[in-house]
Amino acid sequence: MELILTLDPAVVEITVRSLLIAVASTAIATTIAVPAGGLLHFHNFWGKRAIINIIQTLYSLPTVTVGLLVFLLLSRSGPLGGFGLLFTPGGMVVGQTILIVPIMTGLTIAALSGITDQVRDSAISLGASKRQAIFTIMVEARAAMMAAVLLGFGRALSEVGVAMMIGGNIQGYTRVLTTAIALETSRGDIEFSMALGIILVSISLIVNLLVNRVQGRWWT
Amino acid sequence: MIEARGVRAIRGGREVLKGVSLEAKAGEALAIIGPTGSGKTTLLRILNLLDPPSGGRVLFDGADVSVGERARFLARRRMAMVFQKPSLFNTTVEKNVSYGLRVRGVSGTEIAGKVAGALREVGLAGYENRRPSSLSGGEAQRVALARALVTEPDLLLLDEATANLDPRTAEAIEDLISRVRDGGITVVMATHDLDQARELADRVAVLMGGEVAGMGTVEEIFDRPGSEEVARFVRRRQRPLHG
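Read top to bottom, the protein sequences are chains C and G. With the numbering used here applied, the first sequence corresponds to residues 1 to 220, in that order. With the numbering used here applied, the second sequence corresponds to residues 1 to 243, in that order.
These are computed hints drawn from the structure, not numbers from a lab. Since the structure is predicted, the reported quantities are computational estimates derived from the model, not experimental observations. Even glycine gets a Cβ: it sits at the ideal position worked out from N, Cα and C. Treat the hints with care, as some may be off.
Said to hold, decoys possible - Derived lysine-lysine pairs resembling DSSO-like cross-links, with alpha carbons at most 27 Å apart:
1. G:Lys95 to G:Lys114
2. G:Lys85 to G:Lys95
3. C:Lys48 to C:Lys130
4. G:Lys95 to C:Lys130
5. G:Lys114 to C:Lys130
6. G:Lys114 to G:Lys85
7. C:Lys130 to G:Lys85
What the hints assert, rightly or not - Which chain G residues stay away from chain C? Per the calculated CB distances, all over 10 Å, these:
8. Leu22
9. Arg57
10. Thr91
11. Arg232
For reference, chain C alone in the conformation it holds in the complex (with noise of 0.2 Å):
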C-alpha cells in the first residue's frame, strides 16, 4: 500500500503505460468493432452467420495464440516486420487491438440485436432515412455498446500474452502492469506485485462505476 500511497515512481510509469496503451488500442478497436458490428447486424449477406461463428470462436482466443500470431506479423522477416513495431508500445497496441476486436465487434451485434424491431419501425414511420433509422437504434443500444468498449478495455488492460511477447517487458519502455507483476512475483517481490495487483483491479472498478453512472444516467 505504501507503493501506492507514496506514489512510487516506477509503480507511476508502469500504470500510466498500462493505461496509455489500454485506451490506444480500445480507441483504435472501436473504430473497427462497432462499425464491423453495424455492418453486420444491419446487412444480411452470404456468410454472414459464417463470420459471426467465427467472430465468436475468437472471444476465447487464447493470448499467447494472439501473441504468436503478431509476433509472426511483426518480425523482421514477417509481413510487417519493416515497420519495427516488435519489442515496442505501438506493437503491443497492434497486438491488443487484434485480440479485443472480435469480443467487441460481437457483443457490439448483441447489443444492436437487444433493439427491437419496433424502435426501428418507428423511426422508419417517422421519417427518418434508412441511415438516421441505423443512427437511433445505435443511440438506444449506447449503453450496452459501452459495455462492450468497457469489456475491451478491461480485456487489453489485464491481458498477458500479447505484452509479454510483443512488448517484451522492457523496463522503462514496454512493461505495463500485467507483465510486471508476472515478473516481480517470479522475483519473489511480492510486495511490488501486490501494489500493482491491487491498482489493476482499482482501475476495473473504477472503469466500472463510471459506465455503471453513465448507464444510469441515460437509462432512468
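Could you slot chain G onto chain C? The hints should help.
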C-alpha cells in the same frame, strides 16, 4: 389520398392478405375493423410503407409508392403511424416528440415551439424532461400521438392505438383522434373496438380472413350490413356492449 389495390401479403408461408383493395380519401377517417388475425396490422404496415406487399400496389396521391426506395421515403415523410405499443425512444419526452422534426432538419428554435404545441395538444405540457419509464401507458401513448402529429402529416395511421388502455384514457385518446380528424388530416385506423369505429370513422372496411368482407359508411356497415358474414361479426361484437 391512399389506396391499396389488390394488396397481397405472405408472412411465414401464410397468405395474410388476399388481394385487398380499399381507399381512404383526403380528409376522411377510415376504420379497418375485423377479428384478431384478419390482417389489419399487416395492411396498416403496408400502407405506412414499412413492409412491401407480396403483390398488388399502394398508391399515395395517385402515385405508385410500392416500388422505389426514394418514392417510398418521400411518401412516408407525409404520413405518420401510431402503434399499439407506444415504443418510445429511451430519451426524454421532448427528444421523442422532436424526433420527426430533427430527422427532417427542422431548426432548433422552430422545434421548441412545435414540441411545446404538440404536448399542449395532447395534454402533456410540462412533460418535456420526463422519461418514458416515468409515464403511464396512457401518457406514453399520448406522447406517441404527439410525436406523430408534430410532423403535421397528411395521413395518420393508427394501429389499435387504444387497445391496451383503460376506458377513461382510451376516451381521452379518442377525443384527440376526433380533433385530428376534424382538423382535416386523413386518418386510417385499425381497431377491434366497433364503438370506436362507429364514433370516429366516416367509412368502415371490414377485413376478414385477409379479404375485404364489407366496405361502406358507418350506417351501411352497422345498420345495413351487405352480407351475413359482416352482420354476424358486427352483431357478435356489439352484443356485450349493448346487452
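Here is how each hint holds up against the structure:
1. This hinted pair checks out: G:Lys95 and G:Lys114 have alpha carbons roughly 12 Å apart, not beyond 27 Å.
2. Restraint check: the Cα-Cα separation between G:Lys85 and G:Lys95 comes to about 18 Å, which is no more than 27 Å; the hinted pair holds.
3. Under the criterion of a C-alpha separation no larger than 27 Å, the hint pairing C:Lys48 with C:Lys130 is consistent with the structure, at around 20 Å.
4. Between G:Lys95 and C:Lys130, the direct Cα distance comes to roughly 19 Å. Compliance with the 27 Å bound is thereby established for this hinted pair.
5. Taking the CA atoms of G:Lys114 and C:Lys130, the gap is about 25 Å. The hint holds against a cut of 27 Å.
6. Proposed proximity of G:Lys114 and G:Lys85 is supported: the alpha carbons are some 24 Å apart, at most 27 Å.
7. The suggested pairing of C:Lys130 with G:Lys85 holds, with an alpha-carbon distance near 22 Å, which does not exceed 27 Å.
8. The claim that G:Leu22 lies off the interface holds: its Cβ sits roughly 20 Å from the closest Cβ of chain C, which is beyond the 10 Å cut-off.
9. Listed as outside the interface, G:Arg57 is consistent with that label: its C-beta sits roughly 20 Å from the nearest C-beta of chain C, beyond the 10 Å cut-off.
10. Look at G:Thr91: its CB is around 8 Å from the nearest CB on chain C, not clear of 10 Å, so calling it non-interface is violated.
11. For G:Arg232, the non-interface assignment is confirmed: its Cβ lies about 33 Å from the closest Cβ of chain C, beyond the 10 Å cut-off.
Violated hint for the displayed structure: number 10, the only one.
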